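With the working numbering as the guide, the letters of the sequence shown map in order to residues 1 to 1197.
Because the hints were derived from the structure by calculation, they are not lab data. Please note: incorrect hints may appear among the correct ones.
Claimed, not checked - Here are the computed lysine-lysine pairs in the PhoX-like style, where the Cα-Cα straight-line distance is at most 20 Å:
| # | residue 1 | residue 2 |
| --- | --- | --- |
| 1 | Lys480 | Lys399 |
| 2 | Lys85 | Lys821 |
| 3 | Lys564 | Lys318 |
| 4 | Lys481 | Lys399 |
| 5 | Lys944 | Lys903 |
| 6 | Lys589 | Lys564 |
| 7 | Lys379 | Lys330 |
As the list claims (entries may be wrong) - Pair by pair, the computed Cβ-Cβ distance ranges are:
| # | residue 1 | residue 2 | range |
| --- | --- | --- | --- |
| 8 | Arg343 | Ser317 | 20 to 28 Å |
| 9 | Asn841 | Val97 | 30 to 38 Å |
| 10 | Met975 | Leu1045 | 39 to 47 Å |
| 11 | Asp887 | Asp87 | 38 to 46 Å |
| 12 | Ser777 | Val990 | 53 to 61 Å |
Note that the structure is predicted; figures quoted are calculated from it, not measured. The beta carbon of each residue, even a glycine, is placed where N, CA and C say it ideally should be.
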Amino acid sequence: MQIFNMADVMKLEFFLAKSKFRSLEVGWKKIFAGFLIFHTAINIVYATGCSNDSECFQGSCVDSVCVCDPGWIGDDCSHCGGRVKLDSPAGNIIDSVETYREAHTCTWLIESEEPDSLIRLKFEHFETECCWDYLLIYDGDGMFSPMVAAYSGIVVPYEGETNVSNPEVTTTSGYAYLHFYSDAAYTMIGFNISYSVNTCPNNCSGNGDCQLNAECDCDPEWTGKACDIPVCSNSCGDNGHCEMLTLLCECVNGYKGYECEVPPTNGSWSVLPDQIRLGVASLAALVENDTILFVGGYPFSNQEQDYDFLMGYDINSKSSWAIIPVSVSKPEARYGHSVVLDRDRIIMYGGTVTEYSPSRIVSELWFFNITTESWEESKDNAGVRVAVDGHTAHLVDEKMIVLFGYSPMYGYSNIVQEFDTVTGQWSIVNTTGVNVNGAYAHSSVYDQDNRMIYVYGGYKAISRQSYFLSDELYTYTPDKKHWSILSPSGAHYVYLHSAVLIGGMMYVFGGNPHNETNGAAKCYSPELIVYDIRCDVWSRLPLENEIYTDLSRYGHSAVTHSGKMYVLSGYNGVMLQDIPIYTPGDCTKFIDEPSCIESSPGISCYWDSSESSCHTYTNVGPGVLHSMKECPLPSDNEQCNKNTDCNSCMLTFGCSWCGGDQDECSANCDADVNHDVCTGADFPCAKYYTCDSCKLQPDCHWNGAACRQRRDTDSDIICGPSCANMTDCSSCTNENCLWCSSAKRCVDSNSYVSSFPYGQCVSWHNRDSSCPGDDCSHFRTCDECHTDPSCGWCDDGSNTGLGTCMEGSYSQALGDICPAKQWYFIDCPACQCNGHSNCTNETICENCEDNTQGDQCQECSPGFYGDPTNGGNCSECFCNGHAEYCDNVSGQCTCTTKGIIGKECDRCDEDRKYYGDPTGNGTCYYDLLLNYQFTFNLTRADDKSITSINFKCIIDNSNRDIVFQLNADKNVVVMITFTSRSNPVETVLVDETPASRYRVVFSRKDFNFNSYENTTFYVYLSNFTVPFWFQISFSWRAIMMLDLLQFFVTFFSCFLSLLLIAAIIWKIKQKYDAYMRRRAHVVEMAQLASRPFATSCLEIEKEEAPADNSPAKPKRLASAISIEPCKGGKAAVLSLVIRLPSEEGGYAPVGYSGLTFGTAIVQVNAKKNTEGKDKGSIRQRKNQNQRAIPNGSNNCV
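Hey, can you work out the whole structure from these sequences and the hints?
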């Protein structure tokens, strides 16, 4: 059963958080993390160790524990580790069973039986994290031997097939030294490498016999070093014949390819192997007549003395030679520089100089006179020039234009520099147009016909921590000093690639496609893409012919000659020595107009109607009647509308930022407001992530942490030193930079990959705590010494484990300063007692002396501290009596009294209100205030060793007794003492009494509590364990004394207050009652107004005219139909019949009633005596307003 330890789980969080993996889906992270934690928990619960040898991958099971073989570590011996020597004639080197570990190193030394034997390493599969995890291979017995390979990324996939044979690496010294290292974040499947001694390449592929000199004798039908190339395959078809001298096809009729299978109208590859004596990367090259001139380059760090800085290659004779300058002065070795040809001289600028220690980027300008073969450095400082690496340069008229590059001061710079070759004046160009992103290791070509420079791809950054690869294409017009943006290539992200211009087409080849945000692990690209300048269209060119060579590489250079592209050297794990050649299709081979216009991928042709012939586009003459393939229409406005700010809009091909009323990104801006530059608030200051680059922009201001838009109140600031100026690990990491200990170089965190593109950095550090020493001598034990692949252990011969770590290889220490019998490069001496004991049975330390302990006397005994390794001393702990022990390495005392701090418990924690002097048997106290209760809860992590705490309370003026109280959650030993002016010696009052609750009274009769005596109580609590909670206080004791004046004053004050409150309450009650009455009345009125009416019957008497001479009846007054008393009998609802106005004759209009029914609320008076009243008058009032109803009868209303 495979067991994961908890460290694996903790490392997972670092993996998920690392900036390199910020593009991983959050959901996938959580699922994976949950699964790993669950799987780990199950294994921890059920893990019982091994039961047999089969459960130990590279080891044996002893007492249920896996005992690993040399070179293997882990619970189940499944991971490589340490340093091991392999001396069998054949075998395999495997990093792990599954994936390799994070932040891990492994080293192997292969030794053959005979010196100068050939050791062949074949990669069965190889997958590591590109640009971060490397396997370094040296031709010798240590890291001071020549490096022959530095592999990273996916070289041979674990699953799937490749189109080339598995790569092989050979060493000829009889040794092969391999060192693998990984960083602390991401792991992959690793590698399996088979090795053999004095064997042939790929065992001659089964097509030949291996000779004693390890060379293949191929069968007649096969050729090549590994007999893997068929001789004149397919009999060279119908367009060639077999050349018996070279065993290659000789093509005719313009056909190309290994089998003459590629028609002349199509492009094809061919390869010239072993053309360069020593392969290099990041070189510069140019063509002068029929000669290619190679300048500089990186040849692996320990081979610089073997390579020629300047070489010539004759294209016709296919031969190369070193150019030895006759001048005394010459430039130091460098890479990442640029060269241009100015008549009969080469101008070289910038680059990283590797001969300096450490390597550094320079702004040096050198001239090489081709005629006199002499170098001269320009010392003219006219103008300002910026040190850059990974830039490009072109000569336009009399000026050398330097584009972009990485600068230690400005980062990934978008600066354009100009050098006037006539006046020697340097200047930084103020450009217009698109505010482009600066780039490192981009490519650029100069089109003389359009007088434009095309800049493609590169490694870019948008902050100090983030970076990305680009597929953007810019154009720079030197005459106008103007930037524009063209169509991107479409997700073809690369850097350290090459580009050339042939026939109106820009060919981009190779490069490193690894982008931290896209998850790709392949480092070396073989792809060839082409850009049609006329139509602004990109296309990929497939490999149309078999070449039996892997074209994958980056860091190469490319030039053109006679319409062909020559690719020079480069790197794909090894420094390449071949010269691949790409020949584009030939337009003149098309014989009709349709095929000419359509042409083949990678070329642009036109049909000359007057001559009925096909030609390359760039050869169109004025007035020539011709026809060509139409270019596709530009894209619509949809892509532009996605951009919401000016800068992103301007960096999108075909888009412009429309000002005015539009204020948007569009492909169709109004003509009067269209502009192609962001200004003012739209200017993208945030993209300048260094102080110096921000200060170069007039509209921007550096606020100490970021670049933002300049305000009127901003004043200039002075920028601090850049990472490149840091000379040690501590200062480097404290500035959030990365320190490479092997290169002794400090770089920005976003420039690690661009600073060490070829595996130059063996280990890097980003924290001060992880910084190593300056050299091997800082390692104090043999095991520690062997963690550095360049170090070995020199034993002093005392057989006690004493020795010195020093640089060297397997055969000897560097400088041969250690006797051979005492030199341990692979293993360590059997006795490792660090000089504090002799060994019994050769390996067991008999009796550790000098206050040491441990299996190898590697630790200090309790009560002592120090580093006893390699003869170091252990010193006695000194803690001022406030600690039982100290850390056995640092001597930091574990103080047991709360409030006492310091390495030697020699200070009081005044930040937390503890005062005193803990030295000289003193202690620290927490001051308690009188009449306050203090609560303490000792649960902090730094309280775990606390067993005591001390307090003091000063009683300066009191005429009362003092009460001390303690309430705790567990028993504690209490001791109380006091001092005063008259009794300066501390006197015990309560002597070490165990209690959880304690109360004691100190009488004022026994103590003189006044400011003169300054009586002080001391409380000592001890013998408790944390967590511990308690409350503590000193307070006055309550005293009962009657003061009559005070009593009456208080009594009457309270009485009057209560009386006043009662009056206020009574008034409030009155107001409230009135309010409630009004409220009830309103409610009653609302109910009455809304009550329904019942039907009432009314008998109306018909008036008749009186008979002649008869007396008239008196008119009756109006009277109530009904009276409805209300509750209380003081009001009632009176109902009346009311006569409405009528027309002439006393009749109501037709359709209307003459009567209506009305009600009123009336007051009901008490009954009074009505005697003497005129009843007739009452009756008369009742009869008022009565109206005769025609045809009156008994009616209901």
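Practice problem: Kindly indicate which numbered hints from before are broken by the structure, ordering the numbers from low to high. | Solution: none
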